[in-house]
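Enquirer: So you can see what is in the structure, the chains are spelled out below.
There are 2 protein chains.
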Amino acid sequence: MHTSSANLRSTEIEIIKIIEAASRVESRGLLVGPGDDCALVRPPEGEDLLLTKDCMVEGVHFSTDYFSPEAVGRRLAVANLSDIGASGGRSIWALLGLGFDPKRPISYYARLIDGLLGALKEDNVALAGGDTVASPRGIFLSLTLIGKTPKGRSISRRGARPGDVILSSGSLGGSHAGLLALTQKLTTSIPYPMMRCLKKLHICPQYPKGLGEALLEADCVTSAIDSSDGLAKDLRHIGEMSGVRCILYKEKIPIPRPARYLARIMGMRPYELALRGGEDFALIWTTPSERLKEARRIASSLGHRAFEIGRIEAGSGLFLEDSHGLQKEVLEYGYTHK
Amino acid sequence: MHTSSANLRSTEIEIIKIIEAASRVESRGLLVGPGDDCALVRPPEGEDLLLTKDCMVEGVHFSTDYFSPEAVGRRLAVANLSDIGASGGRSIWALLGLGFDPKRPISYYARLIDGLLGALKEDNVALAGGDTVASPRGIFLSLTLIGKTPKGRSISRRGARPGDVILSSGSLGGSHAGLLALTQKLTTSIPYPMMRCLKKLHICPQYPKGLGEALLEADCVTSAIDSSDGLAKDLRHIGEMSGVRCILYKEKIPIPRPARYLARIMGMRPYELALRGGEDFALIWTTPSERLKEARRIASSLGHRAFEIGRIEAGSGLFLEDSHGLQKEVLEYGYTHK
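Read top to bottom, the protein sequences are chains F and L.
Under full-length UniProt numbering, read the first sequence as residues 1 to 338, first letter to last.
Under full-length UniProt numbering, read the second sequence as residues 1 to 338, first letter to last.
Do not rely on the hints blindly, as some may be mistaken.
Identical copies look the same in the list; a pair holds intra-copy or inter-copy alike.
Calculated lysine-lysine pairs in the DSSO-like style (CA-CA distance at most 30 Å, straight line) [as the list claims (entries may be wrong)]: (1) K103 / K17; (2) K103 / K185; (3) K200 / K328; (4) K17 / K328.
Hint data in this document are derived by calculation from the structure and do not stem from the laboratory.
Computed from a prediction, not measured in an experiment: that's the story for all the values here.
Next comes chain F alone, as it looks inside the complex (with noise of 0.2 Å):
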């Protein structure tokens, strides 16, 4: 249909200048980049490909009134190198399809792509190609990821067996705590220093970086998800996937300070967050018990942590288990039964 007039074609044209400008990084692999039909690469030789997508929706995964145009393209990069990761793979090359909103001046999109790349090249990832369109009715981005891992090996969630640790990376329902608290209109029951942080971590979430492809070559991982959708959910798809049962410990997941206060002010418990939440980007684990030391020793090499948050029986359900040993299962999107 191609509506688009010659305004929005140059417009167009400026920010594909800008994204070839800021994409020229050294990449042995990328033979032919930006500006042909295709983009032409080389698969590092005895490896296997890990491709993923994410996309993001203007007023559905962002809102632009409290997410700065690089916090946009910065969280679009560590959705999906969170996914590389969680597979073991290591990332080499991106596409970018951008729908851009030609009401927003062209100093956004340059904010958004310094935010993106600026992410990307931390990972020494390089931006092979994409696609630039008009999208009057608001922005949307579609990152496609391109990662590598030793041939016939990858982390799947189809591997935890009965006896495995479940293991976190990181904090749990800090970044729905944050949401919650901009959109619920909290600022002024939350005190500043509590609401700082928890604005960072729903807008500025960080990934484990190389921890998924560690664990993966010393043999401490059986199955693995990032934590995107919350708790809940990507522990069921494990449990589904590997036919297991998943026990969580209540007490045991680590849920920021902050978040813990939000949930008591709205009256929630602090593990519903957690559970229901998602977007933290922590890895989620499982770990045969023998090799648990080994795993937190990796994991503590590289800076992340390794909070033991459950384990893995035969059998099949997501379970919360309190400190007595009681247990009660978790429902569909992470509610409880009474």
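Following the hints, position chain L against chain F.
Expert: Just chain L, lined up with the frame of chain F:
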């Protein structure tokens, strides 16, 4: 941010189920398909990979007024397959980013996916994964396609040389004429059979399957591009990136008869439709004149045409030449000097 309610989530899950059920294509290189954090693929030995991405936005690239959902999906596939083809490759894997508008019924997306996967399957492309997200302000689609090509060999836009012939695998301007017919309310002034043909040219474009790959293998191509942005812009890319001048033969541009008819009604010159139009997805390529006969033979053996539409000279710029040898320079977006 994820404002997605349980309702949106269940729509998302339904759509993902449809995609997963429909995408079970046997593909030797696809080790892990949809359902994990990443897809895992084994790149074919001794080959390089081509990467491309094409986005489509409701209201910009297609209107649901006259595009069936199947046609939307099919067009997305064709736009991407055409890019891999123009680089001389063969498509293998796809990743779909789908922003669904929850106001449309699930059946709409089932039909869209059917059109997309049908077109991908015709070319033995496996859907390896993707991301499905809510997009309440209108549908967007982002397809990433990964293809293969023999190591170190691909067609770029940089290789055209003085003396080369410019060829087109199909007629041009038809898709743009179809769009004008549909949007300028010309339905009553165009005879029905012509209108039907114009609609089809816009809604259901064809691309020359296998042609780029065969021309590359036979050393019959120095540069190529798919006709997606209009002949003026597309040839300007080739001219600028190859550092040459492109001469187009005004009377020899193959314009479908209904498009010529529409041009007359609208007071345009038919060639303007081809110059400014686009989205015909024909292959535009250059061949050394001594390889012209072989190039024609290859195109014909695959059931495609090979219209001789111009030549390459030393210099720069894009010129339109009439049958008397008179030349006019073609300016930005297909307008000519008066």
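Enquirer: Next step is simple, just say for each hint if it's right about the structure.
Expert: Here is what the structure says about each hint:
| no. | hint | in the structure |
| --- | --- | --- |
| 1 | K103 / K17 | within (19 Å within a copy, 36 Å between copies) |
| 2 | K103 / K185 | both (27 Å within a copy, 28 Å between copies) |
| 3 | K200 / K328 | neither (32 Å within a copy, 59 Å between copies) |
| 4 | K17 / K328 | between (55 Å within a copy, 29 Å between copies) |
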